[in-house]
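Student: Two chains, two frames, a set of hints: combine them into the complex.
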Amino acid sequence: MKTQFLLNMKDISKEYFGNRVLKNVTLQVKPGEIHALVGENGAGKSTLMNILFGMPVIGGTGGFEGEVEINGEPVTIDAPHKAIDFGIGMVHQEFMLIPGFTVTENIKVGRETSRPSLLSQILSKELETLDLEQMAADARKALNEIGLNIEEYVLVAGLPVGYKQFVEIAREIDKTGIKLLVFDEPTAVLTESEAERLLKIMKLIAQKDIAIIFITHRLGEVMRYADSVSVLRDGELIMRTAVKDTSMVKIAELMIGRKAQKYVDSVPGRLESEEIALSLQDFHVDMPGEMVRGIDLDIRQGEIFGIGGLSGQGKLGIANGIMGLYSSQGKVSVFGRELDLGKLGAALANGIAFVSEDRRGVGLLLDQSIEHNLVFSAIHIQEEFLINLKLLKLYHRSKARKHAQKMIKLLDIRCTGPAQKLGSLSGGNQQKVCLARALTLNPKILIVSEPTRGIDIGAKKLVLEYLLNLNSQQGMTIIIISSELVELRSLCHRIAIIADGKVARIMEPDAPDAEFGLAMSGN
Amino acid sequence: MQTRIKKLYAKIGLPHIIIVAFFLFLLTAAAPLGLSVRSLMGDTLRRWAMYGILVLAMVPAIQSGIGPNFGICLGIVGGLLGATVSIELGLANPWIAIIVAMLIGASIASILGILYGSLLNRVKGSEMTVSTYVGFSIIAFMNIMWLSLPFSSGTLIWPLAGMGMRNNISLAGSFGHVFNNWLSYYLLGDKTTGIFIPTGLILVFLAACLAMWLFLRSKTGIAMSAAGENPHFARAAGINVHKMRIIGTAVSTALGAIGIIVYAQSYGFLQLYNAPLMMGFHSVAAILIGGASTKKATISNVIVGAFLFQGILAVALPVVNKVLPESNLPDVIRIIISNGIILFALSKAKGGAANA
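So the protein sequences, as listed, match chains A and B.
Sequential numbering of the first sequence, starting at 1017, is according to the numbering used here.
Sequential numbering of the second sequence, starting at 67, is according to the numbering used here.
One chain only, chain B, in its complex shape (with noise of 0.2 Å):
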């Protein structure tokens, strides 16, 4: 017996333990403080489907070898643009609108992938930090894109300038609210007590990880998990390894590209300029803490890791708040805790280096 738990203890780890702990310890303080631990329960359902498609990333990056993806702000852009002109085209069927947006997003962000994993296979060995960079960069020039994009739709851009897209771009006329709204219903009580099951987003997320799971039983993805994992063994059965990172780092944004679209319609605005700046560490934290190395990743990792981050920062926030009123400290306590997590994923793995 004893021995059991102790080998249970070491697969799960003590980090998991204390994470674990924690959120639990946030859900039995949030009763006292008057929160209602419904509301947050639904919070976390609704957040971890919404994250999930970009944790979801993360797993062809870190199986074929370049590592957690810092850079899928790449495919946040070209998802934010395949969303930018479905608007734009008017699209009134929000189903129609939002397939257009994920169609032309996938294809812009497969096409940066390819040329960001060509980039990925110069600089082995120090992926992590030059995808961190190119994620930066991205964000930066696309902001002065958003500026000067020729779009004209009233939603999109700024209504007294008359040119210039908005910071925050309502998706109420347009896919908003269309995966969340499906086949959903309210757990243990009406509109205002019960807990909001967000169906149809949970089952887009589910169908997500399943697509994923059978890729990486392709032959595709065996051989990219093998150049991953050790590529003088993949180039030795006649696998060429610099074009399997490529189709990792291709999959992996065009993921990050129906992430953002999952998101943003669950949210329910579309967020421009800086906003997805550091959503690439909320993700490489969300996978690290489901379990993830920097050289191996399951979906298990994701739909764990999904849960625990996402679940953490929807209750971690309002319980700040209520402890401490008036005060930008929940917004610190976060950043505290996503990079946090990040540094000590990041600790105990061996580093990039060791792939090359």
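Next up, chain A with everything else stripped away, as it sits in the complex (with noise of 0.2 Å):
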């Protein structure tokens, strides 16, 4: 039977150590049509175009379920280099270029053109000599089809990041029977020119029949580029529709989506202070692949402040720049003071406690115990725990013993006491560990990052109701920053949605979806 479509994954589903990423999503793509796929962090997206290209990841945690048909005939994609042999292509984010090759060395490298030689009649076909010129010529082809006007025999190392990109086009589209491109954010790290070009150049690619998905997060490019859009959202293909059928503002909603559970059963109490607890004035964050491009923030005290947008947009370079793990620059206040930005353990010196996106990096000592862990900053910072015998201050084992015992009951760690390795806890354990660290200096501000991140629902709610209460009981002024919007929504007073290094709004959480949606993707 022959379908219209090019690509036809049907019913697609996906667990993962049973969480289930993908629920029954549907993608189609029509030869020649530029598919836009659309979705928060975490809809799928990614995992999605790992079934497809039949990465070891999808195979090594169970498979999938579902079936996926080229050209109307049911296929097994197991391997990504049977993806290639059913001409199915990607132009990765991050450059898969090697930098000390030519540009044509690296369009044809895996795929040489190459001469019979002396040594390989003799010996084996990998002796061959390389056809260089035919190997030029084609290279020369491939770059024109997409009118870019660089030498072929450049170095990459030396080009400009956008046209990296296009040697990465170049060579998915010099590979014989290409029928479907994948652009994963093709423009994310492309200036406005780039961006501009490439997306012509996909459509240049469009007309020669090749089908392309287009996975993007700026809603504008899908408006102009894309023939049809999937919107995903937590594993469910929410709608598919002709772009001409649709707008910006109905995209955008659909991303978001009211859902209907909530994390915590309250709501916060009023905000009553007017006295700003943190203030950031022009500030500037140098994290890789989080940049901070001059934020201004006024957090009050009491607040709960949240700070929102899709990963690599800067939300987390604003938290580790304020507690100088990053460079940065501008102006910081903490009640009135300013920080000394250059100056490790400002912030903490200054009552601001940090809890860690990056919790088994950055937040815990894992080869420690419970104990060490949780008193470990307020040795530091505070000189808590110490007995001091003036040449030397040494530990208090009992005192620290006695506390952790208190924080373990307090926001119920399930341990086997307070000496066992934070290594062998689970994730939501440890979690409450590093809370509980930053709750022990007592602090005056405390922010949280990527509070819920990888752990379990019930340890979800539990971390997030112990926040609220934290707000609500000791008046404690609390950022949290967040890629779950829900989160954000059900727990903070005001919401920043942070796009490309500055802050796009601030809203209030009951602001419309569709609000939150542009906000994300920079409009």
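Hints in this document: simulated from the structure, not taken from any laboratory.
Because the structure is a prediction, the values reported are computed rather than measured.
Hints are supplied without guarantee of correctness; some may be wrong.
What the hints assert, rightly or not - Calculated lysine to aspartate or glutamate pairs in the DMTMM-like style (CA-CA distance at most 20 Å, straight line):
#1 A:Lys1219 with A:Asp1190
#2 B:Lys362 with A:Asp1383
#3 B:Lys361 with A:Asp1383
#4 A:Lys1180 with A:Glu1212
As the list claims (entries may be wrong) - To spell it out: a stretch of chain A is covered by chain B in this simulated footprint if at least three of its residues, at any positions, have a beta carbon under 8 Å from a beta carbon of chain B; those stretches are:
#5 1371-1382
#6 1396-1407
Even glycine gets a Cβ: it sits at the ideal position worked out from N, Cα and C.
Tutor: What follows is the structure, encoded as structure tokens:
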């Protein structure tokens, strides 16, 4: 049976360790069509592409349910090279190029044209001579097709970022029989004019009857260049439609979606104080992958302030910059006192505690006991839990143990006792330890970054409710940075959405879904 | 019961079982060969305590994240300088002489350690290689210095040339055996048949261990260990990781200086020139045998490791001597054993790059 679709992924479901990340998703792409795939972080876009390319991570976690058809024929793609055989190519967000090779070599790597030589006839085909002229000609042809005027013999290392992306595209279209190209957020790292050019090239490629899957979160690009769009949310296909039948606001609204479940039962109390707890002025942070490019924010005392946005837009950079973990510029004041940004630990000394998003990397000493992890910061910042012998300040074991036992009870940390090593705790319990360590400092301002990443739903609820309690009962100012908008919307007084390293908008939690969606895509 | 045995086995590990078995095998082989097991035991005990502090010097280095300090020669050289200055001063009281030697040695070593630590901060990820060559270089440099430093005491310089230091300097007139003989006695017999117990030496070693144990539980010690285990974590708690690594290196180097003086007083001679060249390797091998990794070391690793490593050397040499007389095989065996142990332990370790 012949269908109109080049690619038809039917009723795809996928589970990771009991966690359903895709639920009966169908993705259909026609030849010569630019099909946009949009959704928040964690909506299932990457998983879907991993399935399409037969990435080992899929097979290694129990495979998937559903069917993949190419040109109407059911196919099994269980390894990346099979995907290539079927004519599926990918342009990566992080370039997969070899800097020390020329453009030609990069385009042709692994698929070199060669001529028989004396050695190859005696020994093996591996030893054939490269047909450099033919390779250069092919590369030239591919470059011409996308209208790129660079010499095929230059090294990739010196090229500007935008050009590297084009080389990558040239490599994909040089493959014979390419039928489907996936662009994974291709414009994320490009300047505006480069992005423009890339999108035009995409159109050009589509005219050659090659189907394109275009993954992006820039809805403006979708509206202007894509033919059709699929919206994913929480692993479900929400809508598939032609772009001309929909609007940007509609897509944005569907992308976010008011989710039925709420993480916490109570709501934050009313904000009374007008005093500014934390103020950022023209704040820049140089954190690779999470650059902050000039932010002004005023956070009031007793407020639960949410910072949201897609990953890579800079929301994580804000917290790491305040804590002095990455170099930053601008002005940060805590209750009117300006922080010395060049000094490590200045924020801690001024009563700001931080729970890092990178729990295992930054947040914990995995090889040490709960007790040690809990009191560590307090020892160094406030000289608590120490016996002062004048010459030497010794660890006060019994005091630390008592405190650890208190915190274990308070936060319901499931463990065998204060001496258990952190590495053997579950993710949720590790997170509670991180939180407990921050609280041991009795902070005036608590910054929690991705508080519920990688922890189960029960622990999630407990952690969030505890944060809410801290705020309502002790009046602690809390800043929550999270990729999960639902979380922020059920907890915060105000939410700032960060896009492109800047504050896109500051909104009330009950603002319409569409506005959140538009703010996140930088519109 | 079976699971408990398995757990114990997993905790001790096959390598340690082999090493302990080898040590016991050597001891049992000694008696039929006509060697005095008692004197071997005495030797083991003495060597354990005299090398102990040099092994202990590895702890702050490993804990602060620079890994096993192959460059301990830097501290050893500092200690040798302290000792030679003390002899040059001609201090009659051996106690004063050794304390002066230690103070001068540790001060020189601390300064060298701070410089060395700043160097290691620049070569994160390849500390082990760099420290090895720093150790070799300083020995070569000091070979020149020993010849040209203006020492004049008769016990120090070559009597015929009138300048340049000797290879082996007797400590008989200075602080030789001062710790060894303090409160010493013979166990299970008299001078010819008993086991010599160098009480003072053992006490000094254990006191050093106790001091290190306390240091690791102090505010600075805890910060230093955290910087070594997870530098990102330490930074997030406002700790200057580079400073902690320098402290670890300096303490390690200073302990190296004290260690060599304790070693020398027990040996009775000060050995200059190339003698300390491989001492770093022996210290590293000992602590690794004791169960330390390149990322984590405890005081018990030091005590166990120094005992096993020095025990095997102390017993293996006479045994091999008896089995294969009139050969230089014992020395070859010693090199094979010590380097083999290092190779084995390092192949198990994850390498220095992990703490970059």
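Student: Next, verify each hint and record whether it holds.
Tutor: Hints, one by one, checked against the model:
1. A:Lys1219 with A:Asp1190: It holds: about 17 Å lies between the C-alpha atoms, which stays within 20 Å.
2. B:Lys362 with A:Asp1383: 10 Å, holds
3. B:Lys361 with A:Asp1383: Answer holds: lysine 361 of chain B to aspartate 1383 of chain A is near 11 Å, not above 20 Å.
4. A:Lys1180 with A:Glu1212: 15 Å, holds
5. 1371-1382: holds (count 8)
6. 1396-1407: Our answer is that it holds, as 4 residues pass the Cβ test (under 8 Å) against chain B, meeting three.
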